[in-house]
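K.L.:
As given, the protein sequences belong to chains A and B, one line each in that order. With this note's numbering as the guide, the letters of the first sequence map in order to residues 1 to 114. With this note's numbering as the guide, the letters of the second sequence map in order to residues 1 to 112.
No lab work stands behind these hints, which were simulated from the structure alone. In this text, all values refer to a predicted model and were calculated from it rather than measured experimentally. Careful: at least some of the hints might be erroneous.
Claimed, not checked - Listed next, the in silico DMTMM-like pairs over lysine to aspartate or glutamate satisfying Cα-Cα at most 20 Å (straight line):
| hint | chain 1 | residue 1 | chain 2 | residue 2 |
| --- | --- | --- | --- | --- |
| 1 | B | K99 | A | E102 |
| 2 | B | K99 | A | E54 |
| 3 | B | K56 | A | E54 |
| 4 | B | K99 | A | D101 |
| 5 | B | K99 | A | D62 |
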Amino acid sequence: DAGVTQSPTHLIKTRGQQVTLRCSPKSGHDTVSWYQQALGQGPQFIFQYYEEEERQRGNFPDRFSGHQFPNYSSELNVNALLLGDSALYLCASSQMLAGGDEQYFGPGTRLTVT
Amino acid sequence: SQQGEEDPQALSIQEGENATMNCSYKTSINNLQWYRQNSGRGLVHLILIRSNEREKHSGRLRVTLDTSKKSSSLLITASRAADTASYFCATDRKSSASKIIFGSGTRLSIRP
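Build out the structure end to end from the sequences listed, making use of the hints.
P.N.:
Written out as structure tokens, the structure reads:
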């Protein structure tokens with residue numbers, strides 16, 4: 001039973017570029033949440049997707065957008081990258097009907113913006 | 001903004017000793033969870049305690065919750081080198097369903 005997978009593992013981009021990160025949820029899970037974790041900080045909630053719609057959103061600008069596909073996998077897109085977007089991006093999946101409380105996290109994608 | 005704040009920010013203890021980490025939060029919650037993170041990688045879910053529970057155990061872990069003080073503690077007994085990691089509390093606020101807010105974490109180091 002595969003857990004949450006994320007790709008790529010590492011990514012280096014230049015300011016102003018766009019990036020797409022991908023996440024496949026744990027088998028049986030239908031909800032995907034994305035978090036940004038700066039070095040030495042706790043994860044910050046970006047948004048959550050369920051039934052292919054954005055259900056919750058944290059305090060992030062519109063440069064951050066996402067998508068969920070019919071197979072429950074998800075993408076996080078960041079446009080017009082800033083140096084401050086450098087962080088570890090974590091994807092977490094859960095099952096909405098089970099309450100969605102317990103989230104399973106992927107290994108993360110480390111994004112470096114130069 | 002952070003909902004939970006862990007205390008202490010860093011903790012170094014001898015292998016075999018007990019480690020206690022605390023978490024305080026600001027608003028009413030549905031539940032509180034503790035996670036472990038090794039070397040800046042993915043988080044591992046340790047334990048969830050609901051707002052109507054006061055104490056929960058899982059192996060060497062003991063979590064308490066005091067909703068009147070808006071605080072929780074995580075106790076790791078008989079620590080091992082493998083327990084070296086960052087530990088985060090995360091709260092699911094009543095005012096915002098299904099959005100989990102993390103604290104800034106406690107970095108635990110176990111000395112051999």
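K.L.:
Now tell me if each hint is right for this structure.
P.N.:
Hints, verified against the model:
1. A hinted pair counts as satisfied when its Cα atoms are at most 20 Å apart, and B:K99 with A:E102 qualifies at roughly 11 Å.
2. This hinted pair checks out: B:K99 and A:E54 have alpha carbons roughly 12 Å apart, not beyond 20 Å.
3. Taking the CA atoms of B:K56 and A:E54, the gap is about 33 Å. The hint is violated against a cut of 20 Å.
4. A distance of roughly 9 Å separates the Cα atoms of B:K99 and A:D101; the hinted pair therefore holds under the 20 Å criterion.
5. Straight-line distance between C-alpha atoms of B:K99 and A:D62 comes to about 18 Å, which keeps the hinted pair within the 20 Å bound.
Hint compliance for this structure: hint 3 is the single one not met.
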